[in-house]
Every structure is written in structure tokens, then in C-alpha cells.
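Please build the complex by placing chain G with the ligand on the supplied structure of chain U, with the hints as guidance.
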Amino acid sequence: MVIDCKHVWNNISGYLDGTLDPALLQQVQKHLEQCGICSAILDSTRNILILTADERVFELPLGYSDRLHARLEANIRGISPSPIGG
Amino acid sequence: MTMTQPLQGRDEAQMIASILAGDSQQFHQLIRPYERRLYVMALSMLRNEADAEDAAQEACLKAFRNLATFRADSKFGTWLVSITLNVARNRLRRNRLTQMESLDIPPEEQGHVSPALLRDWREVPSEVLERAEVRRTLQNAIVALPEIYREVFLLRDVEGLSIKEAAETLGVSEASVKVRLHRARTMLQKTLAPELKSLVPQKGRWFPWL
Ligand SMILES: [Zn+2]
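Heads up: the sequence lines are chains U and G, in that order. The first sequence begins at 8 in our numbering and counts up one residue at a time. The second sequence begins at 936 in our numbering and counts up one residue at a time.
Chain U with its partners taken away, still in its complex shape:
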């Protein structure tokens, strides 16, 4: 069976996650080999996911960690977490 571009777009995410069933995977793969547009969409999506997951995208505010631990310290000093149901 030949599948069209739209069908491939709908399955790009599943393709990247490896969740497509074998028959569909084969169709998508075959289409990708022949279609420049769909393979560019796949490559750009994959590339964008790598970039957006990069630690450098969001910077921590200066002193974030110090303030976090200071607030924790002020709240947990000398106490234990309550037991289950307590």
C-alpha cells in the first residue's frame, strides 16, 4: 500500500518514539526514502527536539540554588518528614 504525505506527518511522532506497528513502520520508511519533503520534516522535527531538550535553553537565575537550599534549611531543620498517614 502506498501512503500519502499527510499520513506520514501524522505518524512522525510515533516514528521518532518507535511506537509504530511493523506494517505501518515499513510504509512510512518507504515513503521517507522517496519523499524529500517528508524526510525534511522528520529531520527538522528530530533536530528541534534535540535543541529544545538542551540544558542551555533555559538559564537558572543567579543564586537559585542557594535560595532553594536556604528555604529548605529553614523549613526542615530538626524535623523529619511525617510518617505515612501522619
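Chain G is nowhere near these chain U residues, computed Cβ spacing over 12 angstroms in every case:
(1) Ile-10
(2) Pro-29
(3) Ala-30
(4) Leu-32
(5) Gln-33
(6) Gln-34
(7) Gln-36
(8) Lys-37
(9) His-38
(10) Glu-40
(11) Gln-41
Under the rule of at most 25 angstroms between Cα atoms (straight-line distance), these lysine-lysine pairs were calculated in the BS3-like manner:
(12) G:Lys-1010 - G:Lys-1113
(13) G:Lys-1099 - G:Lys-1010
(14) U:Lys-13 - G:Lys-1113
(15) G:Lys-997 - G:Lys-1010
(16) G:Lys-1099 - G:Lys-997
(17) G:Lys-1099 - G:Lys-1113
(18) G:Lys-1125 - G:Lys-1113
(19) G:Lys-1125 - U:Lys-13
(20) G:Lys-1113 - U:Lys-37
(21) U:Lys-37 - U:Lys-13
(22) U:Lys-13 - G:Lys-1132
(23) U:Lys-37 - G:Lys-1125
These aren't lab readings, by the way, just hints derived from the structure by calculation. Here a beta-carbon is modelled for each residue, glycine too, at the ideal position from N, C-alpha and C.
Chain G with the ligand in isolation, oriented as in the chain U frame:
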């Protein structure tokens, strides 16, 4: 990272046991590896640095108080992330109630999202993240996602949860996670592919000497 996980899990289990036995100081060490992730999660949800910092702190305090309810069969990091998500969600709900804002949640069935059409794609290397304008472009695209898509994208693609873990965290089906994730990724591709192409000139096409 994956290879050190079992060891990390054992260390964490020991730390958690000592904390529950009364050595609360160890909690500082326990959460240190996750501090950044919690902030990124909170910031992406709340879109405000001060709120995000406060939410991350609140999530850590909550985690401390509820540490006894943590079940060792899940990952500590995943548990922390889901607490942070819930703290952020509650704050968003509170803000909405006070501001009478409408939800930016599109109906699940709503229309089809199409990707940006390109003829070719040259890999954009992660070194471009050294440029502030590129970082800002990516941040803007993430925070502009509608909330239900942003959540699932953050859990799965930023925090690295499995589809099953994301479904459990969000309290929705795995099928629903897959649909939302697909839309989130397509929306990001649609916004970011053209922007990255113009921000990061693709080598070799018009300027063969580059
Ligand atoms: Zn195609």
C-alpha cells in the same frame, strides 16, 4: 546517564531511608541533581521567573513532607517532576480564577496540525545555543504551546519520562499522551523550523564559500 541510573537509584533509596529515619539534612543532597529540571518545568509552565523559583521551592518542601509516600518502584526524579507539575498547575488555576482568564486548552479533537513544509533540512548543531537570540526563540516556542501540549512535551521530551510515566503523571491514557505529544512536536516544528532556518543560515547553498 542511563548506565548510572541503577546505582543512583540505590543511593537515593539509602538517602531516603536515612531522611525518613531522621537525618533530614540528607534531603539537600537528594534533590541537588534535580534542581535545574524542577525550575525549567516550573518556568515553562508559569512563564515567570520569580513564580517558577517559588514553585520549585514549594515542590521541594512538599516532596520533603510527603517523602514517606514515595514508592520505590518509581523513579525519584519522576516523582519530583510530577509534584512540581502539580504545584504549577494549581498556581495556574488560582491565577485563572482571580483573573477570570479563559483556559488556553483547545478541545482534544480540535483540528489537525500541519508541519512546516521544507524541501531540505541541514542539521542545526547545538552550538547555536550559545547565541542568546536562539535560546530566546526556543524558549518562546515552548511557552507558547497550549498548556495541555506543553505539559506532555515537557514531561516526555524535556524530562525524558516514558509515555507510560507521562500518562500516569497527567492522569490520562497513553493514547492521549501520544496524540498530544504529536501535536506539540508538530507545533514546535511548524514554528521553529522556519525561524531556525533564518536565524542559522544553512551552509553551502547561497554562500558556497562558508
Ligand atoms: Zn511525503
